[in-house]
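> Read off the chains here:
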Amino acid sequence: MIIYNKTWLKNLIIQDQMNVSVAAGDLSKEEFKNIEKAYPVGFYSPNIFVRTGLFILTCIIALFGGCLLSYIFWDSGMVDSGGWILFLGLMSYIALELVVKNKHHFRSGTDDALIWISGGLFSVAFVWMTAKFNWYFGNYNSILSIPAAGFVVLLSLYLTLRFADSLMALFCFLSALTLAVMLAVFHLSFGAAIIPFLVMLLSAAVYYFSYVNTNSLKFVHYQHCLRVLQAGSLLTLYLAGNYYIVQHLGNELYGYTSIGPYKVPYPVFFWPWTILVPFIYVGFGIYKKDVIQLRTGLILIAIAAVTFKNYYHVLPIESTLVLIGLITLGGSYWVIRYLKMPKYGFTSEELQQNTIAGGINVESLIIATTQLDAPQGTENRFGGGDFGGGGSSSSF
Amino acid sequence: MDTGLYKKLHDEGLIGSETLEKIAEKHKNPLFSLHWELKTLLYLGVTLLSTGLGILIYKNIDTIGHQFILLFIAGICASCFVYCVKKRNPFSREKVKSPSSFYDYILLLGCLSLLSFLGYLQFQYHVFGDNYGLATFIPMLILFYVAYEFDHIGVLSMAITNLAIWLGATIIPYTMLSNGLYSSTPLITRYLFLGLLLLAAAFLSEHYNFKKHFKFTYQNFGLNISFLALFTGYFSFYESPLSFLWLIALLILGFILYTDALKNKSFYFLLLVILYTYTAISTLIVRILFHMDSELAFVLGLFYFIGSAIGLIITLIHLNKKIKEI
Numbered sequence: 001m002i003i004y005n006k007t008w009l010k011n012l013i014i015q016d017q018m019n020v021s022v023a024a025g026d027l028s029k030e031e032f033k034n035i036e037k038a039y040p041v042g043f044y045s046p047n048i049f050v051r052t053g054l055f056i057l058t059c060i061i062a063l064f065g066g067c068l069l070s071y072i073f074w075d076s077g078m079v080d081s082g083g084w085i086l087f088l089g090l091m092s093y094i095a096l097e098l099v100v101k102n103k104h105h106f107r108s109g110t111d112d113a114l115i116w117i118s119g120g121l122f123s124v125a126f127v128w129m130t131a132k133f134n135w136y137f138g139n140y141n142s143i144l145s146i147p148a149a150g151f152v153v154l155l156s157l158y159l160t161l162r163f164a165d166s167l168m169a170l171f172c173f174l175s176a177l178t179l180a181v182m183l184a185v186f187h188l189s190f191g192a193a194i195i196p197f198l199v200m201l202l203s204a205a206v207y208y209f210s211y212v213n214t215n216s217l218k219f220v221h222y223q224h225c226l227r228v229l230q231a232g233s234l235l236t237l238y239l240a241g242n243y244y245i246v247q248h249l250g251n252e253l254y255g256y257t258s259i260g261p262y263k264v265p266y267p268v269f270f271w272p273w274t275i276l277v278p279f280i281y282v283g284f285g286i287y288k289k290d291v292i293q294l295r296t297g298l299i300l301i302a303i304a305a306v307t308f309k310n311y312y313h314v315l316p317i318e319s320t321l322v323l324i325g326l327i328t329l330g331g332s333y334w335v336i337r338y339l340k341m342p343k344y345g346f347t348s349e350e351l352q353q354n355t356i357a358g359g360i361n362v363e364s365l366i367i368a369t370t371q372l373d374a375p376q377g378t379e380n381r382f383g384g385g386d387f388g389g390g391g392s393s394s395s396f
Numbered sequence: 001m002d003t004g005l006y007k008k009l010h011d012e013g014l015i016g017s018e019t020l021e022k023i024a025e026k027h028k029n030p031l032f033s034l035h036w037e038l039k040t041l042l043y044l045g046v047t048l049l050s051t052g053l054g055i056l057i058y059k060n061i062d063t064i065g066h067q068f069i070l071l072f073i074a075g076i077c078a079s080c081f082v083y084c085v086k087k088r089n090p091f092s093r094e095k096v097k098s099p100s101s102f103y104d105y106i107l108l109l110g111c112l113s114l115l116s117f118l119g120y121l122q123f124q125y126h127v128f129g130d131n132y133g134l135a136t137f138i139p140m141l142i143l144f145y146v147a148y149e150f151d152h153i154g155v156l157s158m159a160i161t162n163l164a165i166w167l168g169a170t171i172i173p174y175t176m177l178s179n180g181l182y183s184s185t186p187l188i189t190r191y192l193f194l195g196l197l198l199l200a201a202a203f204l205s206e207h208y209n210f211k212k213h214f215k216f217t218y219q220n221f222g223l224n225i226s227f228l229a230l231f232t233g234y235f236s237f238y239e240s241p242l243s244f245l246w247l248i249a250l251l252i253l254g255f256i257l258y259t260d261a262l263k264n265k266s267f268y269f270l271l272l273v274i275l276y277t278y279t280a281i282s283t284l285i286v287r288i289l290f291h292m293d294s295e296l297a298f299v300l301g302l303f304y305f306i307g308s309a310i311g312l313i314i315t316l317i318h319l320n321k322k323i324k325e326i
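Taken in order, these protein sequences are the chains called G and D. For the first sequence, counting from 1, position 308 maps to 308 in this note's numbering; every step adds exactly one. For the second sequence, counting from 1, position 139 maps to 139 in this note's numbering; every step adds exactly one.
Where hints are given, some of them may not hold.
Computed footprint of chain D on chain G; a stretch qualifies when at least three of its residues, placed anywhere within it, have a C-beta under 8 angstroms from a C-beta of chain D [unchecked claim]:
#, region
1, 49-55
2, 113-125
3, 197-204
4, 289-297
5, 318-326
6, 337-346
To be clear, the hints were calculated from the coordinates, so they are not data collected in a lab. Every residue gets a Cβ at the ideal spot worked out from N, C-alpha and C, and that includes glycine.
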């Protein structure tokens, strides 16, 4: 099923693991070079910058190539049909297979772009060609419909299996969830009421599957996909029960009824879910030393805090920010001090140098992009003559 | 991760026995690093705290409590700097290794709260008078000094942003008065000047070997700002026949930066330069084709984009190989 050379994929896994050892300082460079020779990888997988460039340029070629073909065949009258889109999709798919098979591109940017372009064209073609059968619901709220969603799920599943693309795997999972929700809403009388539980159940099943199989030999080529799926399903598992999301989706589905706005049923269940699940993730992440659970949990704690803040105003926003800021700073300082000598297998030191190719420190890029706001904020304080009035009126 | 793979590699004679022992020893007590989680939390803490304090002053600016808040901020700022001065490594022209990641973020917090403090002083007591140029100039100087003295790239990028604000803040009221109507031309030249200044700073830090590792930050800001300024210049004088001068300047700058990036083996800058100049040449060609205004021009345009993109892909792949080989 998978298009890539399987020996190379296995060798790549070995090389990746050895790379970690080299970065940790366990393996010498000569040893790594020997391993590279003994387990060669022939893929063309350039660094992230080349990958970005190739992605953009491939999109340009596909766009203008499609325009050119359409222009040439404009007079024949074939262009204005779903079949034409299908043809363009087939062209890009053939290009994709050729690039991967003959030029051995693997996560090079070109294949990434072509996977998504051909997938998108096939989906558009499907919707266009089936629009004349009256499959589509008269429901104006949903542009998507069940056959289209089903097609997207199957197509993305195929692309995932063939190209082992992790983003496509995530997309496949999300579209499958959407399909399940639509099936429940349209075909079950009580469908709308069980959406959160349906999504939770499916996410839990997918998480269990990907968690168990990530390190299994059977799915060794899909490790990346399964890791992304782990994170994605953990997120959806939580979000399905998040109070804010349940309330807003309920509002969308039921609207304002005669008894007033939609109220979330079983707050006894949803509130503890909203608050506790992130901490459970973090707890399990630390207990099992699982990076995915830990990081997802940390992100979700922030989401849980925002959700809670949205409904209960305990403190004004600025004191909350100051308080949380002080607590996080103090807490992480304490943890760093505590873990100065590694305890229970945890350390605060980094085990490998985390730099991306090109020798650029990732962190400096992040600070440069996010901290831009801070000085601009102060600039407002200097120049603004009109905000003093706003400030004083709000405090009296 | 188990040691099976390493044993196999050892049997094949690819790994020495010493290495295998070292790895086996590590696998007995595997370490789980919380480094990045803790760093993110520190960063989050600093951001939340400084934002919260900023809003706190803003809301309480005319109440009795604001002096306490001000004192609180001054306290935080002072204690941050005291901590950093105590923990710091001595100054050097080279890169100074930071004592800990906590130190880095405390320095950042110190600078952010210093900015809030100075901003408040200016707003309430007009410490720098009505001269807004001076009011942004002083914090900028302090930030640059701190960035060099304590060797902190995050503070350096804050300083560069402040430099941009200082240039912007001093120019806008003046042009407003002199022109009477809104014109962005002086702003473009100012930003072009800023971009070139930063590029010069990048060049000088490398040339005189003074904090060489700051070069990336300077060049990153300088390159993007100057290219964007040149593009804005070209498009705002689109109708004038002199508009091509902007593009010519862009191409010259692109060539200089291209050779520099090749020399320093920086693929990131190489990609940026290539994409910017490609856009410039493409706008020129599209303009010519629009001028022709015929069906042939349309087809030619399509061919141009397909052909040039394929050519660029080949160039990129080739350059990537070349950089690796140098």
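> Hint by hint, say whether it matches the structure.
Here is how each hint holds up against the structure:
Given a C-beta distance limit of less than 8 angstroms, the hint that chain D covers the region 49-55 of chain G holds, as 5 residues qualify and 3 suffice. Closer than 8 angstroms: that is the beta-carbon criterion, and the region 113-125 of chain G has 0 residues meeting it against chain D, so the requirement of 3 is violated. Counting residues of the region 197-204 of chain G whose beta carbon lies closer than 8 angstroms to any beta carbon of chain D gives 0, which falls short of the minimum of three for the stated coverage. With 3 residues having a Cβ less than 8 angstroms from any Cβ of chain D, the region 289-297 of chain G passes the three-residue criterion, so the hint holds.
As drawn, the region 318-326 of chain G meets chain D at 9 residues by the rule of a beta-carbon pair under 8 angstroms; at three or more, the given contact holds. For the region 337-346 of chain G, the assignment as covered by chain D holds, since 4 residues bring a beta-carbon within under 8 angstroms of that chain's beta-carbons and 3 suffice.
In summary, the numbered hints that this structure violates are 2, 3.
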